[in-house]
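Trainee: Those protein sequences? They're chains Y and C, same order as listed.
So the first sequence is residues 0 to 199, counted in numbering that gives the first Met the number 0.
So the second sequence is residues 0 to 157, counted in numbering that gives the first Met the number 0.
Simulated from the structure, these hints should not be mistaken for lab results.
Be aware that a few hints might be false.
Capping the alpha-carbon separation at 25 Å, the derived lysine to aspartate or glutamate pairs in DMTMM-like fashion look like this [to be verified]:
id: 1; chain 1: Y; residue 1: LYS39; chain 2: C; residue 2: GLU135
id: 2; chain 1: C; residue 1: LYS150; chain 2: Y; residue 2: ASP68
id: 3; chain 1: C; residue 1: LYS144; chain 2: Y; residue 2: ASP33
id: 4; chain 1: C; residue 1: LYS139; chain 2: Y; residue 2: ASP183
id: 5; chain 1: C; residue 1: LYS150; chain 2: Y; residue 2: GLU172
id: 6; chain 1: C; residue 1: LYS44; chain 2: Y; residue 2: ASP33
id: 7; chain 1: C; residue 1: LYS150; chain 2: Y; residue 2: GLU191
id: 8; chain 1: Y; residue 1: LYS173; chain 2: C; residue 2: GLU52
id: 9; chain 1: C; residue 1: LYS126; chain 2: Y; residue 2: GLU153
id: 10; chain 1: Y; residue 1: LYS177; chain 2: Y; residue 2: GLU191
id: 11; chain 1: Y; residue 1: LYS168; chain 2: C; residue 2: ASP58
id: 12; chain 1: Y; residue 1: LYS177; chain 2: Y; residue 2: GLU193
id: 13; chain 1: Y; residue 1: LYS87; chain 2: Y; residue 2: ASP183
id: 14; chain 1: C; residue 1: LYS139; chain 2: Y; residue 2: ASP85
id: 15; chain 1: C; residue 1: LYS139; chain 2: Y; residue 2: GLU191
id: 16; chain 1: C; residue 1: LYS55; chain 2: Y; residue 2: GLU49
id: 17; chain 1: Y; residue 1: LYS168; chain 2: C; residue 2: GLU52
Residues of chain C clear of chain Y, computed beta-carbon distances all greater than 12 Å [said to hold, decoys possible]:
id: 18; residue: THR11
id: 19; residue: THR16
id: 20; residue: THR51
id: 21; residue: ILE53
id: 22; residue: ILE67
id: 23; residue: ARG73
id: 24; residue: LYS77
id: 25; residue: GLY79
id: 26; residue: ALA91
id: 27; residue: GLN95
id: 28; residue: ALA101
id: 29; residue: PRO108
id: 30; residue: ASP122
id: 31; residue: GLU123
id: 32; residue: TYR147
id: 33; residue: SER148
Beta carbons are placed, not taken as given, at the ideal position from N, Cα and C, and that holds for glycine.
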Amino acid sequence: MASRKITEVNAGSMADIAFLLLIFFLVTTTMDVDSGISRKLPPPIPPTQEKPPEVKKRNVFVVLINSADQLLLNGRQGSIRTLKRDVKEFLTPVYSGNPAAPNVDGHPEVSEVDIEGIGRFWKSKGVVSMQNDRGTSYSTYIHVQNELAAAVSELRDELAKQYFGTDLKTLLEKYPDKAQAIQDAIPMSISEAEPVSLGE
Amino acid sequence: MAKFKKEGGKETPGISTASLPDIIFMLLFFFMVATVMREVTLIVKVTPPGATEIQKIEDKSLVSYIYIGPPVKRLQAKMGVEPRIQLNDAFAEVSQIKDYVAQSSLNIPEYNRKKQIMSLKVDETTKMGIVTDVKEELRKANALKINYSTKKGYDPNK
Chain Y
0 MASRKITEVN
10 AGSMADIAFL
20 LLIFFLVTTT
30 MDVDSGISRK
40 LPPPIPPTQE
50 KPPEVKKRNV
60 FVVLINSADQ
70 LLLNGRQGSI
80 RTLKRDVKEF
90 LTPVYSGNPA
100 APNVDGHPEV
110 SEVDIEGIGR
120 FWKSKGVVSM
130 QNDRGTSYST
140 YIHVQNELAA
150 AVSELRDELA
160 KQYFGTDLKT
170 LLEKYPDKAQ
180 AIQDAIPMSI
190 SEAEPVSLGE
Chain C
0 MAKFKKEGGK
10 ETPGISTASL
20 PDIIFMLLFF
30 FMVATVMREV
40 TLIVKVTPPG
50 ATEIQKIEDK
60 SLVSYIYIGP
70 PVKRLQAKMG
80 VEPRIQLNDA
90 FAEVSQIKDY
100 VAQSSLNIPE
110 YNRKKQIMSL
120 KVDETTKMGI
130 VTDVKEELRK
140 ANALKINYST
150 KKGYDPNK
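Let the hints inform the model, and build the full structure from the sequences given.
Mentor: Printed below as a string of structure tokens:
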């Protein structure tokens with residue numbers, strides 16, 4: 000049989016075609032990963048809802064931001080530099096050691112809870128309340144949110160070290176139930192009030 | 000001897016380019032997998048603020064974006080410099096957010112609709128007033144999971 004010669008397709012331009020495709024994808028796509036501060040908004044309030052129970056004043060740490068991006072922390076002028084430290088100090092559960100009178104003056108109340116994985120724990124009832132002005136700049140708002148979140152996550156890390164000897168990130172990866180226990184012990188208790196005009 | 004004489008003298012053989020397409024294809028596939036299509040053209044300027052306590056959004060299909068910021072330079076003559084909201088490819092009013100939420104939730108499979116995330120990409124110079132209005136509208140539209148888009152890194156002592 001006469002062997003029929005198969006003509007080969009010239010693949011020389013293949014590289015050029017691939018290059019074109021590559022450049023097209025480079026131009027039309029983005030690389031950046033979406034990351035940011037995740038928050039959950041409170042559900043809309045039904046008009047018939049009764050007023051929520053008052054929170055005791057000693058349990059609330061008030062953070063106000065005015066339109067000039069100045070901070071008022073519990074009635075005193077504060078700075079974003081010390082915000083994390085102050086909030087950490089406030090949210091650290093302080094237990095007097097006496098079950099009959101567990102509260103310590105100058106600190107928020109504590110209550111005893113039973114948390115799986117940790118056991119009996121004196122949990123702080125402290126809440127950080129944050130309110131801003133309509134004229135507050137977005138960057139200050141985010142930075143304050145960031146510092147508040149950082150304070151809570153540092154407290155959680157410290158507790159995780161104390162109980163499980165490692166930080167929360169490792170716990171979240173390896174033992175989600177232990178991480179849950181830590182998150183139960185130190186809740187992310189940041190509430191946001193609706194913005195008002197806080198004056199100049 | 001003549002038998003061992005090299006043919007063609009000292010010419011170096013050309014490098015074979017036969018594997019070049021394969022290399023380029025590899026690059027191409029890498030970029031196709033590692034990137035996402037740019038969905039909208041930004042008509043507002045967004046420089047997100049920095050933060051440290053950030054979480055990555057795992058599932059991009061759940062996310063819809065709301066951009067807030069001053070219009071880009073070429074549109075400033077027409078639109079001014081006041082921060083505006085951008086939804087999809089156009090400027091929008093706060094009242095349009097409800098529709099936008101409903102519309103974008105249709106792109107999410109039904110079993111996942113409750114997990115819808117609204118990502119707020121807001122310029123750092125924006126005032127909170129407009130952001131608050133948007134948040135209030137999102138609450139009304141029952142899109143409660145939000146994400147403030149931020150850059151990495153922030154030091155309060157600076």
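Trainee: Please go over all the hints and tell whether each is borne out by the structure.
Mentor: Okay, the hints, checked on the actual structure:
| no. | hint | result |
| --- | --- | --- |
| 1 | Y:LYS39 to C:GLU135 | 12 Å, holds |
| 2 | C:LYS150 to Y:ASP68 | 20 Å, holds |
| 3 | C:LYS144 to Y:ASP33 | 15 Å, holds |
| 4 | C:LYS139 to Y:ASP183 | 29 Å, violated |
| 5 | C:LYS150 to Y:GLU172 | 24 Å, holds |
| 6 | C:LYS44 to Y:ASP33 | 17 Å, holds |
| 7 | C:LYS150 to Y:GLU191 | 23 Å, holds |
| 8 | Y:LYS173 to C:GLU52 | 20 Å, holds |
| 9 | C:LYS126 to Y:GLU153 | 29 Å, violated |
| 10 | Y:LYS177 to Y:GLU191 | 28 Å, violated |
| 11 | Y:LYS168 to C:ASP58 | 20 Å, holds |
| 12 | Y:LYS177 to Y:GLU193 | 34 Å, violated |
| 13 | Y:LYS87 to Y:ASP183 | 16 Å, holds |
| 14 | C:LYS139 to Y:ASP85 | 34 Å, violated |
| 15 | C:LYS139 to Y:GLU191 | 16 Å, holds |
| 16 | C:LYS55 to Y:GLU49 | 37 Å, violated |
| 17 | Y:LYS168 to C:GLU52 | 12 Å, holds |
| 18 | THR11 | 20 Å, holds |
| 19 | THR16 | 7 Å, violated |
| 20 | THR51 | 6 Å, violated |
| 21 | ILE53 | 5 Å, violated |
| 22 | ILE67 | 8 Å, violated |
| 23 | ARG73 | 20 Å, holds |
| 24 | LYS77 | 24 Å, holds |
| 25 | GLY79 | 18 Å, holds |
| 26 | ALA91 | 18 Å, holds |
| 27 | GLN95 | 18 Å, holds |
| 28 | ALA101 | 15 Å, holds |
| 29 | PRO108 | 19 Å, holds |
| 30 | ASP122 | 7 Å, violated |
| 31 | GLU123 | 4 Å, violated |
| 32 | TYR147 | 5 Å, violated |
| 33 | SER148 | 4 Å, violated |
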